[in-house]
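Here are the chains, one letter per residue:
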Amino acid sequence: MSLALIAALPFLGAILCSLAIRWGRAACAVVAGLVSAAALSGILAHAPGVLDGQTVRTQINWMPALGLNANFMLDGLGLLFAILILGIGVLIILYARFYLSAKDPAGQFYTYLMLFQGAMLGIVLSDNILLLLIFWELTSLSSFLLIGYWKHLPEGRQGARMALAVTGGGGLAMIAGMLILGQIAGSYDLSVILTQKDAIQASPLYLPALILILLGAFTKSAQFPFHFWLPHAMAAPTPVSAYLHSATMVKAGLFVMARMWPVLAGTPEWFWIVATTGLVTMVMAAKIALFKDDLKAVLAFSTVSHLGLITMLLGFGTKAAAIVAVFHIINHATFKAALFMLAGIVDHEAHTRSLRRLGGLRTLMPVTFALTALASLSMAGIPPLNGFLSKEMMLQEAAATVWLTPWAMGLLATAGALLSVAYSFRLLAHGFLGPVRSDYPHAPHDPGPGLWLAPALLVGLVLAIGVAPMLTAAWLVNAAAGAVTGTVVETHIYLWHGLGAAALWMSLAAVGGGLATLGLYPRLRKAWDDTPRPEAKIVFDGAVMALTGLARRITDGLHDGGFARMGVVALAVIVAGSAAAFLTSSHAPGSRTMLTVTPAVAVVWIVIMTAMFAALRFHRDRLFALILTGIVGLLVAVGFAYLSAPDLALTQLTVEVVTVLLMLIALNFLPKQTPVESSMARRLRDGAVAAITGVGAALLTFALMTRDAAFAPISAFHLAQSKPGAGGTNAVNTIIVDFRGYDTFGEIIVLGIAALVIFALTETILHNRDAVAALKREGRASRAGDRQPMMLAVATRFLLPLTLIVGAYLFLRGHNLPGGGFVAGLVVAIAFLVQFIGSGFAWSQARQRLDHHLVLGAGVLVAWVAGAGAWAFGLPFLTSGYDYVTLWPLETFELATAAIFDLGVFLCVAGAVLLALASLSRLTQAARDARDDLPKGPV
Amino acid sequence: MEALIAITIGALTATGVYLVLRQRSFPVILGLSFLSYAVNVFIFATGRVQTDAIPIIGEGRIYTDPLPQALVLTAIVISFGMTAVIVIMAIGGYLKAGHDRVDLDEDGR
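Top to bottom, those sequences are chains A and B.
Once you know that position 783 of the first sequence is 783 in my numbering, the rest is easy, because the numbers rise by one and skip nothing.
If you count the second sequence from 1, you need to add 939 to reach my numbering.
Since no wrong hints were added, every one of them can be taken at face value.
Here are the simulated lysine-lysine pairs, BS3-like style, with alpha carbons at most 25 Å apart: (1) K776/A <-> K672/A; (2) K526/A <-> K292/A; (3) K537/A <-> K526/A; (4) K197/A <-> K319/A; (5) K672/A <-> K1035/B; (6) K776/A <-> K1035/B.
Hint data in this document are derived by calculation from the structure and do not stem from the laboratory.
With the hints as extra help, turn the sequences into a complete structure.
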């Protein structure tokens, strides 16, 4: 399977999940699981080659000019991470199916989860750092959605915001760092960058690039001092915590450090920044973990601590330490994902996660206890579990590293291990051992296998790797460490290194010290509780408040909420700028010959000017002003028709009809008069601004039209190619559907979005109690006479088929004569709108078989398919083709793919216009219902 | 003819600007409509104007510039979408706030 396809699979899964939820949460989970499994099997199919030392690549040129290409690669490191992301992903999907309650929207959950999975997979498969950055930002965004999944919980929302602010901010720094790196290496492709070690480390920009990239990595991997977001992200549902904080999100920072290790590591700067940060994070977070009562908080700080450990190992910059780092990434992912899920089980069954309220669960939840015991002992580093192996190797590396003094690193690493033992044992002792209590919030017992199966599989791995590391994990460690260090790695992992190994004694000291710490826990806890500490959240919130306050002061200083005032300022600047440009440059009057003015033109001109002055004079009478506006619009259409623009005339005419209808409906709900409010001075000011702007616009237009274009217009090409290139004689239509089809595609999407916005806003109005009450008042106030006159109803029903035929005719001839999808869509929309008027909205709605949303969506889809069809012929998107077809008994006619595209335009326009008007009509309906509720007869 | 078109565009612009600067939502919407007309006609005019020169190949000897026409055609439809969105916003604002003033109150920020 192509790597690009594998990377795309989770995103496809996200779409499928959002659809599959209609068939229930089980279907949704199955879809998510199948897609993840498919991606995993695709990765595993490449595994044999990768283990032989090959690198699998897929290259798609996207924007070669910018160096942005969709290049993917799979080497040992990518393989390790992809297996973690997808393998643990499948387990999480299973676990979440049974964890989420029936009230939680599972479709959203799986959609976000797959989105996140895709973003993570994209990071580890990217061969282009720009692509990597895109996926990196996507992880920040999708993790925001996941952490804040329980929208009703303020902690969830705040935690999500904090995670986004910290990791997103770090991501921005990393963008800068990666761009610098790309500039130094002369390419944005990792495969090139990774060969440029000497050039990069010799560059004066090495240190800035390093710091910026590390900022991104440290924030993502919750390294001190950016560690504070991770515990707050625990407000997420447990499956999310288990996924984000064991195998994926927080490992992304480690991944980037490992990925860049060949070119960035090995310098004193790297050693001091990375190793020190890792060491401090490891010890500090382990200490905090010891004093947390919430199970998930203990695990959160333990995660921070273990991430620090891995960061420190990467910071050492030696091959041996990198191997250990890779090995611990695997081990930590297995036992920590299991522990998070088990903590979730405890929460699920006992309705609390507080160690102060738990205890004695050993007999009540034997399965959960057994699994938790194995995973925690691995976290503590007790043999023969996998956590022990990598901890021993870590201590060995630490003992051999000189940091300030020869012994400081070893001592502090042992202290970290000691604290790790202490909090792991405390978790077991205070959570599961001790007497059974009588005051659990909910009587705990073991859950069904749906919940414990996933952690059980992981605990099985914990044990298997611990007992037989060479058999189970060495191959993956060799491959990944080989990719990190760029050399062939043949690692040897043993449980027993002999009595001479320093790590053994450090390990024994850690376990002994850990047990002693637990014995002294009550006294230590009192001391901890009595010491004041800065609370990260308060500091963070304070900083955010200060920043938003500053932003608000600046905004308020610039903008006082007065729309007109801002408008006047903006116009004054524009007019002054234009006038300055005009007055400071030389110019001569234009010499182009003007068209003569016929009497008919003069009459039309006088009418349009009169209508405008009347609109200005009587604008307070809103209905009259609307009619005058409509007259001006219709006369503009007449002008277009006269000046050789029949397509424009048709469009303007139909749009005008629709717009006036829309405004008439709107006037139902708005006051019919505009009160006199502004002072004479203000009106004079506005009048002056308007007059000056108008004179400027007129002069500009006149100057433009009395000259020929400075450069030959490209329209000659369009006119020449209209028939031979696009197969149509109507040059305007061929430009719309063919030459500039991409623009049109964007425009119909914008129109569709506008219609959906209108629909959504109508929904919010209809769901707002105050607004509905106001609507009903308006409805009672405006008592129209007859509802629908019989004559009108009959006439409009008779007109419907005729209008539809006109629409079809305009559509079909559009490629060669005035018409086309836009006009046809508008005409068809009008055909139905007239039914709203003639027979009432409810009547029309009851007979409407096709949903407007559906028509709108189908339009965009048809246009896309018409464009994408070109791919089948190896041509770029929206390349059109045409041929002549003879279909008996018709004459030979032409069939162009552009016509299919135009069909999409037609559907989209018709759907959008109808959706917009129908939304407004629903307001009318709500108001009318209120009127019908009134008691009949004299009141 | 060119002079008449220029004056019309100027008048459309001036009417639009004056109405946009009013304090109630409905005149502002009408003003935006006028500004849309002005801008559309202006873009159309950048192709220079000609009579009896419709850009249908084979219909005549000379053709007017089709490109501004294509641009304006989609602009007309899009401006309908824009107007519709503003209209529903105005209705929502009026129904929820009880007035249709466009300026924010002191405490309404």
